[in-house]
Each structure stands twice: as structure tokens, then as C-alpha cells.
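Dock chain B against chain A, hints included.
Residue numbers (numbering that gives the first Met the number 0), protein chains in the order written: chain A, 0 to 142; chain B, 0 to 112.
Don't take every hint at face value.
To be verified - Cβ-Cβ distance ranges computed for the label pairs, FRET-style:
#1 G90/A / D13/B: 47 to 53 Å
#2 T30/B / Q127/A: 27 to 33 Å
#3 S43/B / H23/A: 35 to 41 Å
#4 G44/B / S19/A: 44 to 50 Å
#5 E7/B / P15/A: 24 to 30 Å
To be verified - Far from chain B, some chain A residues (derived; all Cβ distances over 12 Å):
#6 T33
#7 C70
#8 T78
#9 G103
#10 R105
Because the hints were derived from the structure by calculation, they are not lab data.
The beta-carbon is built from N, C-alpha and C at its ideal position, and this holds for glycine as well.
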Amino acid sequence: MSGSDDGGSEVRTREPVELSIPVHSDLIVLARLTAATVASRAGFDVEEVDDLRLAVDELCVLVSDAGSSGCLRLTFIATDDAVEVRCSLDGAETVDGRGSEEHGERELSLRILDALVDEHGEEFDGGQRRGWLRKRSVRHGRS
Amino acid sequence: MDEDFAVEERNEGDLVQVVVRGELDVATAPTLREHLHPAVDRSSGPVIVDLLAVTFIDSTALGVLIGTQERCRERGSDLRLVIDDARIIKIFEITGLVELFSISPTVAEAAIR
Numbered sequence: 000m001s002g003s004d005d006g007g008s009e010v011r012t013r014e015p016v017e018l019s020i021p022v023h024s025d026l027i028v029l030a031r032l033t034a035a036t037v038a039s040r041a042g043f044d045v046e047e048v049d050d051l052r053l054a055v056d057e058l059c060v061l062v063s064d065a066g067s068s069g070c071l072r073l074t075f076i077a078t079d080d081a082v083e084v085r086c087s088l089d090g091a092e093t094v095d096g097r098g099s100e101e102h103g104e105r106e107l108s109l110r111i112l113d114a115l116v117d118e119h120g121e122e123f124d125g126g127q128r129r130g131w132l133r134k135r136s137v138r139h140g141r142s
Numbered sequence: 000m001d002e003d004f005a006v007e008e009r010n011e012g013d014l015v016q017v018v019v020r021g022e023l024d025v026a027t028a029p030t031l032r033e034h035l036h037p038a039v040d041r042s043s044g045p046v047i048v049d050l051l052a053v054t055f056i057d058s059t060a061l062g063v064l065i066g067t068q069e070r071c072r073e074r075g076s077d078l079r080l081v082i083d084d085a086r087i088i089k090i091f092e093i094t095g096l097v098e099l100f101s102i103s104p105t106v107a108e109a110a111i112r
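Bound conformation, chain A alone (with noise of 0.2 Å):
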């Protein structure tokens, strides 16, 4: 993360902030802490900062396919007015569906990236599969 230095008291997050992790059900919760933190860092109030959390969170269910192996790789982007995440799934042994899709989890992660995110996609390409979103912050799209 880069701050100012000319000192003013304001810091904004412009450089992108890197998490990698191991594909563990356990450790999706550090995804969704790095996505508050930043969205925090980047001016978002309260309520965006849940509804990117959950949306990150949702993001990495949909991209690690659960009960696959491989490494998570997430990148943290915030500009002026929103966050950019992008997600990808690396080493993984299966990465073609959701291996433990019982009740439409799937659409129902997709339903809530459509209410809660501005923008979100999703492509399998090369074995690896990816996924970005990008959230607005609401109050600096009105400064």
C-alpha cells in the first residue's frame, strides 16, 4: 500500500495489495478481512465495506471450486471512487464445476455478486480458472 507523504493526513490505497493462499476452506476468512481492510483504507463506508467483504468471499467460493486444491491468488485495487479484486486459481487438480454444489450455491453467489458488486465476471482459460469484480463506493461517486 502507498500513502502520502506531503504531510497531509490522508491515505489512499493505490498500489495493489497481493494475498495468496492455499485452497482451505479455513482461509477464505483472510480474503474477506484483506477486502474490509482495503475497502476501509479507500474511503467506502460501513455497509460497502460488508457487501465487499461478502462479495470477495462469494468471488473465492465461485473461483477455488470447493474441495479443490491449488493456490488462491487475489489482487486488491483501489482507484479514486472503488475496489477492483481479481481472483485466480492456481495448481489446481479440478477446476470444472463446484464439487460440492448441493442446493444452487452457485446461483446464489452469482445472485449475490449481482446485487452487491457494480461489475463481476468470471472465465476459465489456459487451466486456470478467474474471477474479478469491482465495487463503487456510492459517497465518492457523489463528490
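Same frame as chain A, now just chain B:
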């Protein structure tokens, strides 16, 4: 796993109450399922799931609740949720699950529905 996460079952007459605390996510949802499905199987009446102390819920936990609801209906029973946190209710609203579940703000109200 969330260190504050806990599931406790309380029985009172025909009423089975499952009290959940902490964050419900991909890590804790399997534990929730392990408690709810046997509770439904043992119950002869409604099953109340107290989510008052739940601070986070995601799609994997919602999937467990949907599965439990189906299990209840197969047995002629009824699953009732207790939620008063607007942040948690919001998740049920945006997923359309408020139409599927009976949701009350207190355990007392859930018990008399």
C-alpha cells in the same frame, strides 16, 4: 475456522432449537449441516434455527439451510429461522430466500408461528 463459531442444540417439548453463533461460511457450513440434519431427523415438530448471533453468512451456508428446509418438508416438519440483523436479512432478500423461509426476529415469535 472462526474461533467464535459454535452450534448448540436445545430441546423443549416437541420444539427443537439450534442456536448458531459466529460466521457461517464455507469453513463452518459443514458443521452446521452436521448439527441440523440429525436435529431434523430427531424432531417431531418444528425446528427453530436461532441465527441472532451470526455475524456473517454466505452462499454455502444458505445452501445448507435450503437443504435442511427440504429435509424438513420431506418429513412433514417446518424450519423456522430467527434473524434480527439487517445485514443478514439483506442476504436472504437479495437471494430471494425470504420467500422460502419463515423468518422471525425472536425465538418466541418463531415458536408460535
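Hint by hint, where does the structure go against what was stated? Just the numbers, ascending. 5, 9, 10
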